[in-house]
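So the sequences go chain by chain: A and B. According to my numbering, the first sequence is numbered sequentially starting from 4. According to my numbering, the second sequence is numbered sequentially starting from 4.
Misleading hints may appear alongside valid ones.
Unchecked claim - To spell it out: a stretch of chain A is covered by chain B in this simulated footprint if at least three of its residues, at any positions, have a beta carbon under 8 Å from a beta carbon of chain B; those stretches are:
hint, region
1, 136-145
2, 194-204
3, 323-334
4, 358-368
If you are wondering where the hints come from, they were derived from the structure by calculation, not from laboratory data. Each residue gets a CB set at the ideal place from its N, CA and C atoms; glycine is no exception.
There are 2 protein chains.
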Amino acid sequence: MHAGHGHLGGRVMSVLKGMRVVEGSAFVAVPLAGMTLAQMGAEVIRFDRLGGGLDAGRWPLAPNGESLFWAGMNKGKKSIALDMKSPQGRELITRIITAPGEDAGLFLTNLRVRGWMDHETLSQHRPDLVMVTLTGDRHGRPQVDYTVNPALGIPHMTGPADSDAPVAHALPAWDLIAGNMCVSALLAAERHRLRGHGGQEVEIALKDVAAATLGHLGMIGDVTLNTENRGKSGNALYGAYGQDFVCADGRRVMVIGLTDRQWRGICKATGTVEAMTALEQRLGVSLAEEGNRWRFRDDITAILKPWFAQRRVPDFEAAFNDAGLTWSEFRSVREAVELDPDLSTENPIFSEVMQPGIGRFSVPSHPASFGAAERVDARPAPTLGQHTEEILSNVAGCSSTEIAQLFDAGIVQSPSFAKPRNAA
Amino acid sequence: MHAGHGHLGGRVMSVLKGMRVVEGSAFVAVPLAGMTLAQMGAEVIRFDRLGGGLDAGRWPLAPNGESLFWAGMNKGKKSIALDMKSPQGRELITRIITAPGEDAGLFLTNLRVRGWMDHETLSQHRPDLVMVTLTGDRHGRPQVDYTVNPALGIPHMTGPADSDAPVAHALPAWDLIAGNMCVSALLAAERHRLRGHGGQEVEIALKDVAAATLGHLGMIGDVTLNTENRGKSGNALYGAYGQDFVCADGRRVMVIGLTDRQWRGICKATGTVEAMTALEQRLGVSLAEEGNRWRFRDDITAILKPWFAQRRVPDFEAAFNDAGLTWSEFRSVREAVELDPDLSTENPIFSEVMQPGIGRFSVPSHPASFGAAERVDARPAPTLGQHTEEILSNVAGCSSTEIAQLFDAGIVQSPSFAKPRNAA
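Chain A on its own, in the form it takes in the complex (with noise of 0.2 Å):
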C-alpha cells in the first residue's frame, strides 16, 4: 500500500467502490465479468429466474450436489430471484437495472431477451444506460466455446504431431477472454458516459473476440500469406524452443528457450554448450536465431533428453532456479492445490472461505494488487435469492408492504421463501 494515495477522509477505498452493475447471465464469460467488477470492489446484483438460470447446476459439483461453478463465478454479488415470466418480475428487473445513481445504470447480459429487456426499452428509463450485451455469433446464433473454438481451427493446431484429430482446449479460454473483456468494455463505456457522451449498448459476440484473436497472433496474416499451414508440434513452444521432458523420477517439466538468454541458460546449466555448437556446425545454422531453433527442435530435444532421462527433478531443480532459467513441472490441479504455495492463502490473493452449504476451501480474490485501492478479499457466492428482500427495498425502492406482496405472490423468491425448481 502506497501511502498517501486513494484515501478518502484516511480511508483507501476498493478500486471502483460505489460502482453498481446489474447482470444477467449465464455460464462463464458474463458472471466472470461481473465477479470481476465485483472483486474490484463494484456492487454487483445477479438477477435470475425462480429456481435458478442455466448455469445453477453447473458442473463442477461439491459432494452434496451443489455447483461449484455458481460458488466460483459469483463471489461477492448479491442475489435476487424473480418470475421473469411476469410483467411484475420484468418491470422489477427493469427498475432494478435502470435505477438512479451516477455510478449505476449499467447492466451486463448474455440473456437474449427481446422486447422488455434490450437496450432500446431498457434506455427509456434510464438514457444513460451502459449496456454490455455479449452474443454467440453476430448473427445471434448460439455459439459456445466449444463450437466456436472448433470453427476457428485451434484444435487442428493442438496436440501429438502424430495424430490428426483434432484436440479441443479443457478451458474455456474464449469465455474467458471475452468476459475479460466485457469488463474493459463496460469500463471504457462508463468512462465515456462520465465525460458527457451518454450512455450506450455494447454489443460483444463470442466467436468475434475469437476471430479477433486469431488475427492478433498473426495467424490470419500466417494462412494468407503462407502456404505451408501451422500444424500440431505437441507440447513444444512454437517459433523458438521450448519443450517437455520425462525425468528419471517420471516426473515431466517444461523448459524454455524462447529468448537468447533463456536459450543460453538451459545450454549452460545441461551442460550442452559444446554439443549444441556441434549441432551448429552440423547443420550450418545458428541456434542464436530462434527461428532456427523452432526449426531444428527435434535436434535440439534429441540432445537434452537423455540429460533429463538420467536426472530426478531434484536434481537439478535448485541449479534450474538460481540460474533463473524459465521452467515448470507438470502438475494435476490437485497436485497444485496441495503442493504450490501460490495456490494457497501464502499467497495474499487466496483466503480459506466458508461458501455456506458446500464447505470450506481456497478462494481467489482478484489477482491484481491495486497499490493505493483496498483489496476486496474473497467472498462466498450468495445462494439463489439471498438478496431479493434487500434489493427490492433499496435498489428498486418496493416498501415493505410491496414485498410481502410479491413474496406472497410467488414474484420472487429468497432461501427462506424457496419454491421448487422450475424446469429450464
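Chain A is fixed; fit chain B onto it per the hints.
For chain B alone, coordinates are given in the frame of chain A:
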C-alpha cells in the same frame, strides 16, 4: 450507431479518444493490452530498444521473414526506438511516460526494469502516474504461458481420454486473459484517479491470473472437496453433453447438449428421442439432468455416432440451423479464413489492411461494437521507430535541434535512420 449519443459538436468519437498510454513490453499479454486500448481509440506509444525488443522477430513470420506477430500485436500503435542503456534514452522514456495531460500518465509494462523505470522513480516525475505491471509470478520469477499452464494442471485434463500424456494448449490462453485484465485494471485505476484518488501502481502476475481463474471455474473447490480427479475426456463438453462426431464425408462436427433445450433439440433433429428414452429406462436415470448426460455420455454417443457416420454435413446442416441447434464444424485456421464469412471483410470487425513490408490481408479491429462511439478501423502496425521523431517532438517536447542530435548520437532510431539490429 444510435443517434443522439456520444456526439461532441456533432462528431461521434471513439470510446477512448483522447487517452494516451505508453507501453514498454514484449510478447503477448502487454502488447495485446496496449493494442486493445488503441483499438478503442487511445493513443498508444510503444517504446523499444534500438533494433527491437524480444518479440521483434516472433513467429509466425511472413514469407519475407518479417514478423506477423509484431504486425498483429501492435496495430495502430506509435513506435519509438531508443537506446535504453544510455542515460539520455532513459531520460527520454521517463519524459514520455510522465508527460503532462489529464488523460495521459498511463503506463503498461512487462519489462522488469528496476531503478529508473519502476513506479517509485517514475512517480517522482508525475505523482498521479497509473502504472500497470505484469510479472511472471508473485515472487518476480520469469513465467510464460507455457510454464504456468503445466504447473496448474490444465494439460492433465486436455486430450484423448485413453492417453496419460499431458497436452498443452496451442492458444496462449493465460497470456490473452492477462492482457485483457491489464486493460480493465488500467481503466479501473484511471477511473479511480479521475475521481480524485491519485495514481497508483497495479501489479498483476501471470501465474496469479491463472491460479485465480482455476478457482473461479470451481476447480480448486473440486479437488479440495472431491476425491475423484477430473480427467481427460477428449473433445467432450465437461459436465453436460457435447461431443464431436465424424460424418460420412470425413468432416467432423461438434454438437452441444449443454442446456435442456439444446439436448432436446439434438435428440429431435437426429430422430433419437425414442432411443434416448430407452436408454433412460435401461439406466434408470433422467437425461434431462445435465449431470447424467455427462456421466452417461458414452452411452449417448453410442446412439448418436451411427447417425452422423451415415450422413454428410450438407445432409443435416440446414436442418440443424433451422432447429437452432448449437453446433459447429471442425476446421483448420486456413479453412476458417477461406470459408467462414465471419473471418472475412463481410464481418465489420475485419478490413483488408496493407501492412507495409509484409502485404495485404484481413485484419481485425476491436470485436466490441460501441453503439455511441465510432469504431476504430484496423490500422497497420508501425515499423520499429516509425514515430520516433513525432513522439520526441510532440510528447517528449524535444526541439528539432535536439532531435537531430539524438539521431546523430545514435540514441534514437527511425526507419530512415535505421541501424543494424543489436544482438538480443
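Residue count check for the region 194-204 of chain A against chain B: does it reach three with CB-CB under 8 Å?
As far as the region 194-204 of chain A goes, the hint holds, because 9 residues have Cβ atoms under 8 Å from chain B.
Using C-beta distances, would you say chain B covers the region 358-368 of chain A, given that this needs three or more residues below 8 Å?
That given contact holds, which follows from 8 residues of the region 358-368 of chain A lying within Cβ reach (below 8 Å) of chain B.
Can you take a look at whether the region 323-334 of chain A is actually covered by chain B? Rule is 3+ residues, C-beta closer than 8 Å.
With 8 residues close enough to chain B, the hint holds.
Checking C-beta pairs, does the region 136-145 of chain A have three or more residues closer than 8 Å to chain B?
holds (count 5)
Every hint, counting from the list given before, is met by this structure.
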